[in-house]
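Enquirer: For reference, the chains in residue letters:
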Amino acid sequence: MKEHSSLRREKPPIITKCALTALFLIGVLLLVSGLRGQRIIADDGFSSESAYRVIYSLSGHVGAVYRSHMKPDLDALEESDRAGVFSAARTLAVSAFETQSAGAGKDAEEAILLSAGREDETTLRLLYAAYLVSGPKINSSARKVIVAADSPEFRRQLLRCIVDDTLPLPAGSESAVGDLQGEAKKAMLMQVYFTATGSAGGQGAANANDFKKTVRDKGQQLLAFRMAARGEVSFLRQLITGHSKTIALLGIILLLDAVLLTLLMFSEKTWRFDIKWIFILLIVDFLLYFQMLPIVYMVIRSFFPEGGFTLDVFRRLYTEPINLEALKNTLISSFATMILGTLIAFPLAFLVGRTNLYGRKFFRSLFVITYMVPPYVGAMAWLRLMNPNVGTVNLWLRTLFGLSDAPGPLNVYTLSGMIWVLTTFYYPYAFITISRAMEKMDPSLEEASRVSGASPLKTLFTVTLPMMMPSLIGGALLVFISAASCYGIPSIVGINGNISTVTTRIVEYNGQSQAKMNDATALAVFLMAVALIILFISDVVLARKQYITVSGKSVRPSIVDLRRWRLPLTVMVCLFAVVMVVIPFTTILLTSLKGDIGKSVLDSGNFTLNNWTGIFTRNETISCLKNSLLFASCTATVGLVIACVMSYLMQRTRVRGRTIPNFLITLGSGTPSVVIALGLIITMRGNFGLDIYNTAWIMIIAYLIKYQMMGMRTVVSAMSQIHVSLEECSQVSGAGWLTTMRRVTGPLILPSIAAGWFLIFIPSFYELSMTALLYTGSTKTIGYQLFEYWTNHGEAMSCAMAFGILLIVVVLNFILGRLTRGEFSI
Amino acid sequence: MASVKISHITKSFGDNLVLKEFNDTFRDGEFVTLLGPSGCGKTTMLRIIAGFEKPTSGELYLDDLLVSGGKTFIPPEKRAIGMVFQSYAVWPHMNVFDNIAYPLAIRHTAKNEIRQNVERVLDIVHLKQYAERYPNQLSGGQQQRVALARALVAAPGLLLLDEPLSNLDAKLRESMRFEIKEIQKKTGITVVYVTHDQTEAMAMSDRIFLINRGVVQQSGTPEEIYNRPVNQFVADFLGKVDFFKGIAEEGRIVIPSMGGPVLPYHGDLRGNVDVAIRPENILFRDDGELCGALEAHYYLGDVEDCRVRVGDEIVRVIADGYGHASLNGRKEVRMHVRDMMVFKDDGALDEILMIRT
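Protein chains in written order, with our numbering: chain P, 1 to 826; chain C, 1 to 357.
So that you can see chain P by itself, here it is in the shape it has in the complex (with noise of 0.2 Å):
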């Protein structure tokens, strides 16, 4: 046996040899392909594919509809005869724009393009259909001072100026673009121009997502239209050029997977293909697809924004004012939010874990609650509380102290009340952490302590303290970063107060002209950083720190007895509740039942349940609901299949490569939320093959990247707890793979699986920092829902949502509570 295995290891077999070989030729082939149609568009003087790309999919539709009307072989005719086809074809294009309302966005600049030296009438209906696609926002004093110079030959100096980008500006409208380059210019002078012609400029602004949208579905067909024009319809030629990043980057994928799939037979000495490494490689390429493709991509652009190496970018995060602020914010408020979280969560931790306080499995749950709870609801709630003028807290202190009508004493709009809204909904984290570690501590550790004389509060300082430290720096850390990758709260205390962080900078940015794009990729690749060291120090250093205290035997914690201190802290702690939970949610519920939110519920005629019944009926409110629900299911269902692959791979097989995908989830949800989104916006446009920009399936993608690794842990830490035994019996009784599964393994697992169901899920539901980088009109959720009304329109209404998200979440938190037993990992 052993001689026939080392025998293996000598002679790969021949199969898998060709295979490999085969997938890495197909690899290099797909590459060069791509490769080359890039050139062929680069040749062709054009900067998009998409033409290609639409050539391709409507050849023969569109092939019809041109020779119908045009009827010549293209290759026999004279220059002169094709000129007369280019201006026909270029007629049918402006009625393709015309008759669908719809030009195209980058696309219709190859239109432009086209009609270099034309200055007709066509040219100008054509680019007055792109501007109504793509127009983005225009500054106001560049419009009016454009909208001044209309003349003639002003305007046809900036059409010469669009067309081919020599001619010098008109001198009104250098002001309004002059610093910009490259497209950006070219997008900019393309709305100066339409708005001083003065044509239904408003009109492109006010539904901008809309015509987006009309583009993607019809747009394409112009371009059609312009190549068959050109002529250039061979097949295989349309399909290298139309997918050539496409095609590419399924080469370079192709070309990783060979590599990694030759060095794991090359580590494992065995030539043999094992069926497992099709699922680890489909996840790894699913992955880097997703999540490593936008977020590398992300730091390349924020270095060579306009193509050349440029340090600019980052230097402006220090010059701007505002990014400075925005940066000092974030570090000020997670910091100040770290050491308060995590003051209040060890003594707490430690009460509910370690002593006889009463009810410390209550208490323990309501903190654990709110963990899952949406922050920006709790935001809400502590406007409401603290509002300088009208807050309920300031109310209460003025009449206690006696003090004047004046604003204040407490005032929320401030960092350090942002600081206080960030705690109080980020402290759980650090509760989770540090209960779960003081929970599986080894009790006769510090049994020995006081046995050699040391007193109960000696023992905390010198033995438990001590061997919490990595839990607790890891606990502190986790708050640093959520606090700091927090959009929710920021966003909705800042709005007032003037406070920007580097969150609320990015969305704000987004979507603007392209210098602040840049800044907002810059100001996410500096949180991303952030987010990798602490990542690192508490995947890496930490973990090998953490002292092995789990023992053999079933671990009954030691119970600290507070004598005759456990009536006042279980009372102090009862308070803690109070104020952190009970009365937050209680001012959402009774401000969501107020018709005037000035006065008290109790005031006669003032109770009301029409913002409930007034926000719950809103079409609007159901569709958005429906969109969370489909999106959340989504993520969650696509997450636990995942998970369920990971954890046979990770606990039931020995093959190589198995935790390549898992430190990939694990980098995934530790990149901060914002980041994530903004590089799937720059990435998935079309630009790399793959075009879902706002599109539910972006929106899917990034909860997954994010949430991911919630449920992939349950079921990986609840398969590590069947004994491999247990399916090993089931084979001996003569079970196969299928049965076992189905039989033994499945109804072990299926309560977890049901858990990391809810855990992929809740978060997806209630999410968002990337939902308000990523909704569009039609994938609009609850979350961003919430938020648009809160900021919009009545408190009292956006209270009645909050609070119906709330009970959604506590139901679901309580079916989950169910499901593990309070058992859950963050």
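No lab work stands behind these hints, which were simulated from the structure alone. For each residue, glycine too, the CB sits at the ideal point set by N, CA and C. Errors might be hidden in some of the hints.
Said to hold, decoys possible - Label-pair ranges, simulated between beta-carbon atoms:
| id | chain 1 | residue 1 | chain 2 | residue 2 | range |
| --- | --- | --- | --- | --- | --- |
| 1 | C | G239 | P | L812 | 39 to 47 Å |
| 2 | P | P747 | C | G239 | 42 to 50 Å |
| 3 | C | A155 | P | L750 | 50 to 58 Å |
| 4 | C | N112 | P | Y358 | 45 to 53 Å |
| 5 | C | D64 | P | F536 | 54 to 62 Å |
| 6 | C | G329 | P | P747 | 50 to 58 Å |
Dock chain C against the given chain P, drawing on the hints supplied.
Expert: Coordinates of chain C only, in the frame set by chain P:
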């Protein structure tokens, strides 16, 4: 050194009575073992002595000072005892020296005195060269000795050991057994040792308390409880034993299931009895009173483990391994019972045999 006086101690967790009326005194310098199957209450008794559990009723005196009982409760840190835990409980964030120095540091002992004392106990447990190491750099046996050194460093009068050897491998366990005994002899410390391993208990103890279901079944020297067990449980728990149903008469016992052989008996019991015979007390002798067919025999080196069918019963015989060749090929054997234990048949035997550990 210290004595431990346990006066009518009972302990229950809720409705679950785990310790019933423990009443005895461990003398100064005595090596006492609490022995019993898992869940019998022996660890609870140890934790009551240490002060980690409060007795439900009864009193505990250390050196005639009331430490638990009534309204009095002295916490563990004030009892001046040493304890070694089953999991060793060596603190992973301190090196060996700091671990051992801890009990002295807590008492604000002078630095040089700490050094002296730690070096003294390090010497006792043969860990002198490991003082700077951290626990994760030590083997299980070494960690166990660190725990022992830590328990000894403050020179307590009483040392509590909670199954300290159960996580070690067989060879190491055997040598540690003698080391612990040596240390106890050298220091004259009172030791309370908890184990479920009867060999450990026999090898080290001055006195063994055999506990089952919270009740002390018998206490006495290893010799006493091995050779003169008071009931079937004790006989069964210590060593190997076979039980047979017999009828006691004047001067003899008849065992019907063996086809009615007669064993000489000079005790006072009459009527139905349980006869317990240890396999090493049956000798192959041609003039023996039992006659049977040799069913199987296993050569184990030092002994020969045999099964002999006598009537309807299978009797186990452990014979001298040296003469094993003489058994080869033999079918019929005669045996002599040189010693046996006789208990009144109270119908409890089957139940006792079911909880054999």
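Enquirer: Against each hint, give a clear statement of whether it holds in the structure.
Expert: Results for each hint:
1. The supplied range of 39 to 47 Å is broken by G239 (chain C) and L812 (chain P), whose beta-carbon atoms lie about 60 Å from each other.
2. Restraint check, P747 (chain P) to G239 (chain C): a C-beta distance of roughly 45 Å satisfies the suggested window 42 to 50 Å.
3. Between A155 (chain C) and L750 (chain P) the CB atoms are about 57 Å apart, so this pair conforms to the stated range of 50 to 58 Å.
4. Under the hint 45 to 53 Å, the C-beta atoms of N112 (chain C) and Y358 (chain P), about 48 Å apart, fit the expected range.
5. Distance hint check for D64 (chain C) and F536 (chain P): the Cβ-Cβ separation is about 60 Å, which falls inside the suggested range of 54 to 62 Å.
6. In this structure the supplied range 50 to 58 Å holds for G329 (chain C) paired with P747 (chain P), their Cβ-Cβ distance being about 56 Å.
In this structure, the one hint that does not hold is number 1.
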